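Residue numbers (our numbering), protein chains in the order written: chain A, 3 to 201; chain B, 3 to 201; chain C, 3 to 201.
The set of hints was computed from the structure by calculation and includes no laboratory data. You may find that some hints are simply not true.
Identical chains blur together in the list; that is why a pair holds if it fits in one copy or across any two.
Stated by the list, open to error - In silico DMTMM-like links for lysine to aspartate or glutamate, alpha-carbon gap of 25 Å or less:
no. : residue 1 : residue 2
1   : K86       : D113
2   : K28       : D64
3   : K200      : E167
4   : K63       : E167
5   : K110      : E167
6   : K110      : D195
7   : K86       : E65
8   : K28       : D56
Computed from a predicted structure; not experimentally measured.
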Amino acid sequence: MNILYILDLIGTAAFAASGAWVGVRKQMDLFGVLVLGMVTAVGGGTLRDLLLGDIPPFSLKDETYIWIAVGISLFVFINRTRFKAFETPLLYFDAIGLGTFVVIGTTKALDFQLGWLGAVLMGVMTGTAGGVFRDVLANDVPLILRREIYASACVAGGGLLVLLEVVDTDRTLAALLAAGTVIAIRLLAIHYDWALPKS
Amino acid sequence: MNILYILDLIGTAAFAASGAWVGVRKQMDLFGVLVLGMVTAVGGGTLRDLLLGDIPPFSLKDETYIWIAVGISLFVFINRTRFKAFETPLLYFDAIGLGTFVVIGTTKALDFQLGWLGAVLMGVMTGTAGGVFRDVLANDVPLILRREIYASACVAGGGLLVLLEVVDTDRTLAALLAAGTVIAIRLLAIHYDWALPKS
Amino acid sequence: MNILYILDLIGTAAFAASGAWVGVRKQMDLFGVLVLGMVTAVGGGTLRDLLLGDIPPFSLKDETYIWIAVGISLFVFINRTRFKAFETPLLYFDAIGLGTFVVIGTTKALDFQLGWLGAVLMGVMTGTAGGVFRDVLANDVPLILRREIYASACVAGGGLLVLLEVVDTDRTLAALLAAGTVIAIRLLAIHYDWALPKS
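Work out the full structure, taking the sequences as your base and the hints as a guide.
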């Protein structure tokens, strides 16, 4: 589980950066940038833990997550005039985070005896709800409800993980395959500019 | 309790349709429409369960609710070019759902030993918070904070239910009277275009 | 604890008035004004209790808080044409509430064995999340993410309280010093129009 923890922290950092960067672009002050970074980084997993009843949530049990989110947000704020250069590499780290968060969320929901639809939902929520909170606080319609393949990658990864669990696949292997699926779909979607059908 | 469960599922379907329809009108993609449908349908009861400490919430314990929400949202998305014709009948089903949700929420809060103000609040929240989440995600000021008699119908129904409980009325009778009150006020308000005083 | 309870109720009233007043200015109807008043008054502490696992939250255990919020919101609504005169005195009561809420939140988090970063966060959240909910419902970017010294006063007060706890200061004294710090910084910030660096 050590590598999963490291990937989790990388994802936390990437999500915090994306949140803080929205705060900067919305001309928030330092506190606003910190809040957006933290909420984006730990919001999804925190909501999942509230719904599963694992309280206090992971983000209050292991303070590493919040320290990383605070540190990265501060870094983004300080380097805000040249952060644009980080936008593209950030997309790759964000994809890694997304895959990791979905796997962690889905697995945890299965451990808490949720049904398979609920488990997939918890995985998707772990990966996406932080970004939704970020956009609501920034007074935008959440990006994820409007654009390209982002949540769909989470649904595919979470669904695959549940399927592999049902057929009793080794958990480490299943986690790797599911996270890989999310990351691959996400990167392909960025590269080929894929999108879901729109209303 | 069988009829209450059936009414609950009807309400869930109606609320999901109203949420999905907002997603369509906001030009969200398929995922956005599904999220708005689900959140509108189960958001109020889920928040109630978090506050009462009944975790995991009903929506993760019995997956029927989410399957219905997903199915109906999909239906709305697929039929989006001709869904306008459903708007008026939807108002009636929405009123049935509202009455049912208020009764279920208030009753549950009483079972959890809340005081009567808290119980009415939980009933109103069960009926209305899903729509508030829907509007926040769609980046609108929640409809319910601005317009006609909607929440007021919930307050009346929840208040009546608490009153009937205090005077020890049979629970089935009380539920019927309270739900009927919500539905009647709501339909009269639509018909006569009633509204609360505005700021 | 008696004086802390009284200060808590004063803060609840001030926060409810600020929420209701936003509802009035956004032309909400009576129900909207009541919801904004309640959410602003008890939203922060309620979220804190959900995260700490103290459920049902304080606002549903002791109905005094919600009765005060409802009463004050009603008062603001009825007197909406002349409430502008109360805006300046309200700032002082709001500062008292802020200091009290931060102290209560931080102390409670320490009692629940949170780490010190978590405890400060819970204190800040108790003081500020209600206002964030208010602004999200009113479809604004939360004031607190953009403007002057408000959250920073909470961070300072919460941090001081944790520090005093670590060096084993008497709790009543620590609470007084921390609340005083929040209130003093807040009032000085209003007076001298201080602000954090902006993006």
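Taking the hints in turn, this is what the structure says about them:
1. Taking the shortest alpha-carbon separations for K86 and D113, neither the intra-copy value of 40 Å nor the inter-copy value of 43 Å comes in at or below 25 Å.
2. Proximity of K28 and D64 under a CA criterion of 25 Å is satisfied in neither setting, with 30 Å inside one chain copy and 39 Å between copies.
3. When the C-alpha separation of K200 and E167 is checked against a cutoff of 25 Å, the pair qualifies neither within a copy, at 32 Å, nor between copies, at 48 Å.
4. For the identical chains of this complex, K63 and E167 are inter-copy neighbours only, at 19 Å across copies versus 27 Å inside a copy, given an alpha-carbon limit of 25 Å.
5. Taking the closest pair of Cα atoms, K110 and E167 come within 25 Å of each other only inside a single copy of the chain (12 Å); across copies the shortest separation is 35 Å, beyond that limit.
6. In this homomeric assembly, K110 and D195 never come within 25 Å of each other (Cα to Cα): the closest approach is 32 Å inside a single copy and 48 Å across copies.
7. Taking the shortest Cα distances, K86 and E65 never come within 25 Å of each other, neither inside one copy (29 Å) nor across copies (43 Å).
8. In this homomeric assembly, K28 and D56 never come within 25 Å of each other (Cα to Cα): the closest approach is 34 Å inside a single copy and 35 Å across copies.
The earlier numbered hints that this structure contradicts are 1, 2, 3, 6, 7, 8.
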